[in-house]
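Visitor: The chain contents come next:
Protein chains: 4
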Amino acid sequence: MTADEANTFLSAAFVGTGRRSEVTLMEEGRAVMRLVADATHLRPGGYISGPTQMSLVDSAAYMAVMTYTGHEPMTVTSNLSINFLRPCIGDVVVADARVMKIGQALAVMDVDVRIEGADKPASHAVVTYALPRKPDGRAA
Amino acid sequence: MTADEANTFLSAAFVGTGRRSEVTLMEEGRAVMRLVADATHLRPGGYISGPTQMSLVDSAAYMAVMTYTGHEPMTVTSNLSINFLRPCIGDVVVADARVMKIGQALAVMDVDVRIEGADKPASHAVVTYALPRKPDGRAA
Amino acid sequence: MTADEANTFLSAAFVGTGRRSEVTLMEEGRAVMRLVADATHLRPGGYISGPTQMSLVDSAAYMAVMTYTGHEPMTVTSNLSINFLRPCIGDVVVADARVMKIGQALAVMDVDVRIEGADKPASHAVVTYALPRKPDGRAA
Amino acid sequence: MTADEANTFLSAAFVGTGRRSEVTLMEEGRAVMRLVADATHLRPGGYISGPTQMSLVDSAAYMAVMTYTGHEPMTVTSNLSINFLRPCIGDVVVADARVMKIGQALAVMDVDVRIEGADKPASHAVVTYALPRKPDGRAA
Numbered sequence: 001m002t003a004d005e006a007n008t009f010l011s012a013a014f015v016g017t018g019r020r021s022e023v024t025l026m027e028e029g030r031a032v033m034r035l036v037a038d039a040t041h042l043r044p045g046g047y048i049s050g051p052t053q054m055s056l057v058d059s060a061a062y063m064a065v066m067t068y069t070g071h072e073p074m075t076v077t078s079n080l081s082i083n084f085l086r087p088c089i090g091d092v093v094v095a096d097a098r099v100m101k102i103g104q105a106l107a108v109m110d111v112d113v114r115i116e117g118a119d120k121p122a123s124h125a126v127v128t129y130a131l132p133r134k135p136d137g138r139a140a
Numbered sequence: 001m002t003a004d005e006a007n008t009f010l011s012a013a014f015v016g017t018g019r020r021s022e023v024t025l026m027e028e029g030r031a032v033m034r035l036v037a038d039a040t041h042l043r044p045g046g047y048i049s050g051p052t053q054m055s056l057v058d059s060a061a062y063m064a065v066m067t068y069t070g071h072e073p074m075t076v077t078s079n080l081s082i083n084f085l086r087p088c089i090g091d092v093v094v095a096d097a098r099v100m101k102i103g104q105a106l107a108v109m110d111v112d113v114r115i116e117g118a119d120k121p122a123s124h125a126v127v128t129y130a131l132p133r134k135p136d137g138r139a140a
Numbered sequence: 001m002t003a004d005e006a007n008t009f010l011s012a013a014f015v016g017t018g019r020r021s022e023v024t025l026m027e028e029g030r031a032v033m034r035l036v037a038d039a040t041h042l043r044p045g046g047y048i049s050g051p052t053q054m055s056l057v058d059s060a061a062y063m064a065v066m067t068y069t070g071h072e073p074m075t076v077t078s079n080l081s082i083n084f085l086r087p088c089i090g091d092v093v094v095a096d097a098r099v100m101k102i103g104q105a106l107a108v109m110d111v112d113v114r115i116e117g118a119d120k121p122a123s124h125a126v127v128t129y130a131l132p133r134k135p136d137g138r139a140a
Numbered sequence: 001m002t003a004d005e006a007n008t009f010l011s012a013a014f015v016g017t018g019r020r021s022e023v024t025l026m027e028e029g030r031a032v033m034r035l036v037a038d039a040t041h042l043r044p045g046g047y048i049s050g051p052t053q054m055s056l057v058d059s060a061a062y063m064a065v066m067t068y069t070g071h072e073p074m075t076v077t078s079n080l081s082i083n084f085l086r087p088c089i090g091d092v093v094v095a096d097a098r099v100m101k102i103g104q105a106l107a108v109m110d111v112d113v114r115i116e117g118a119d120k121p122a123s124h125a126v127v128t129y130a131l132p133r134k135p136d137g138r139a140a
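Residue numbers (this note's numbering), protein chains in the order written: chain A, 1 to 140; chain B, 1 to 140; chain C, 1 to 140; chain D, 1 to 140.
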């Protein structure tokens with residue numbers, strides 16, 4: 001699945017919900033997403049809100065799984081743990097998700113979030129997705 | 001701070017962002033929030049999305065801290081870890097946050113999310129907030 | 001499986017490793033373990049060490065799964081997240097594990113650790129175990 | 001603090017507890033620890049146990065903090081979250097801890113655990129340490 005295909009998929013899945021994020025890279029085991037923040041994503045002081053970062057993390061982690069599995073509607077988030085490291089102040093925020101493990105039942109991703117071009121991440125997350133079982137016992 | 005005062009605070013803080021959640025209970029060490037879901041909160045199949053649950057968890061945890069500290073703008077989420085336990089399908093979702101520890105530097109909350117009236121939680125989270133330091137060395 | 005059976009199992013599994021913990025309660029969805037601390041479990045100041053608490057948490061969570069599945073050697077820890085809430089000072093430490101969810105692929109437990117008889121927990125953990133797949137597709 | 005100084009510190013802190021791990025690298029923001037496993041660290045099948053990995057993770061994360069702060073007895077683990085990714089089978093296990101953030105109140109480390117020489121990590125952890133406050137308000 002290419003980044004263009006991923007964006008087509010997202011536009012269909014989130015039609016009408018004002019999605020602003022887009023996939024900018026899809027390669028085996030890695031996906032990068034980019035969000036141009038608007039007023040709904042900001043907290044006083046111009047901070048990109050925690051929920052905005054968490055939502056982008058979840059989407060990027062899912063896209064990273066899709067680099068292996070393609071679209072699997074039964075793939076669901078099992079755990080998301082995020083550490084907020086420093087203020088996230090800027091107009092464009094990027095989440096870079098890498099697959100640490102993809103097994104039969106679970107995929108585990110490491111995700112960095114940063115303002116586009118920033119040296120240091122604003123937050124770091126580990127996300128676990130539960131994968132659907134194939135009829136023959138193989139994972140998705 | 002009462003639930004009414006908490007809602008007044010939230011309305012001011014999130015003016016114009018289409019906030020739909022409200023605080024329904026504030027008591028020492030505990031806060032409950034309630035969200036009437038609309039299309040922006042749903043995934044195909046009528047599931048309340050993970051980001052919607054995470055956002056409600058973060059808000060409820062913050063409100064639980066405020067039962068001790070009042071409004072402290074420098075209180076920031078340090079870690080949020082959520083386990084999605086079962087599908088969250090329904091119109092109204094509730095997050096119930098309880099303070100497990102409030103110390104000088106950190107507050108740690110346990111948060112259950114469930115469809116209003118449901119027996120079992122849809123998700124369970126642990127949230128850590130970093131507290132600002134008072135000039136005299138006491139925590140917020 | 002009763003607490004006695006659980007202890008017999010543990011003694012066989014950990015023969016020769018100086019195990020000091022024992023199961024004191026097994027009921028559906030819950031297991032309690034108890035450890036009499038010795039010098040190897042302590043840090044300066046008489047604190048029960050973090051690794052000692054984590055080890056007891058992991059064992060108690062596994063025992064809680066066993067109340068549903070019996071002994072399943074292929075059940076493995078997938079994630080353990082622990083928050084240390086307050087100093088754990090005393091001679092006997094207890095971990096109380098409750099199953100929040102047991103599904104086809106995963107079991108998620110909530111575990112409190114406290115000095116025996118203490119009012120407040122010293123630490124709180126959430127533990128996820130991956131369950132082996134049965135040939136017929138059912139979970140363990 | 002050099003690796004030799006770190007080992008001298010550890011030997012003094014854990015005298016009589018049969019410590020087998022040693023620090024092999026200390027550089028700003030990073031520490032590596034190495035453990036030669038014995039029977040007490042193994043599970044049936046020759047797996048390095050989860051508690052052994054967690055204990056090594058906690059120590060390596062603490063050492064990484066010490067590359068900034070030196071020895072600070074009041075530095076305590078606040079949260080440890082570990083994902084077990086694949087079996088950890090071998091004689092020597094290594095934990096590589098890197099500081100993602102060191103602030104006034106908290107330090108957050110990313111830790112990989114692997115069998116010495118292995119390509120892929122057996123587990124990955126994120127560890128948060130709470131730092132003591134200096135009388136003048138600066139962090140440790």
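In case anyone wonders, no lab produced these hints; they're calculated from the structure.
Be aware that a few hints might be false.
Identical copies look the same in the list; a pair holds intra-copy or inter-copy alike.
[Stated by the list, open to error] Keeping only pairs whose Cα atoms sit at most 25 Å apart, straight-line, the calculated SDA-like set for lysine to any residue is:
#  : residue 1 : residue 2
1  : K101      : D38
2  : K101      : I89
3  : K120      : E22
4  : K120      : S11
5  : K120      : L10
6  : K101      : T40
7  : K101      : A39
8  : K120      : G46
9  : K101      : R20
10 : K101      : T2
11 : K120      : F9
Since we're looking at a predicted model, the values are computed, not measured.
Visitor: Now look at each hint and say whether the structure bears it out.
Guide: Consistency of the hints with the structure:
| no. | hint | result |
| --- | --- | --- |
| 1 | K101 x D38 | neither (34 Å within a copy, 27 Å between copies) |
| 2 | K101 x I89 | between (31 Å within a copy, 17 Å between copies) |
| 3 | K120 x E22 | within (21 Å within a copy, 30 Å between copies) |
| 4 | K120 x S11 | neither (30 Å within a copy, 33 Å between copies) |
| 5 | K120 x L10 | neither (28 Å within a copy, 31 Å between copies) |
| 6 | K101 x T40 | neither (34 Å within a copy, 28 Å between copies) |
| 7 | K101 x A39 | neither (36 Å within a copy, 28 Å between copies) |
| 8 | K120 x G46 | within (18 Å within a copy, 37 Å between copies) |
| 9 | K101 x R20 | neither (29 Å within a copy, 29 Å between copies) |
| 10 | K101 x T2 | within (21 Å within a copy, 33 Å between copies) |
| 11 | K120 x F9 | neither (30 Å within a copy, 32 Å between copies) |
Hints 1, 4, 5, 6, 7, 9, 11 from the earlier list are contradicted by this structure; the remaining hints agree with it.
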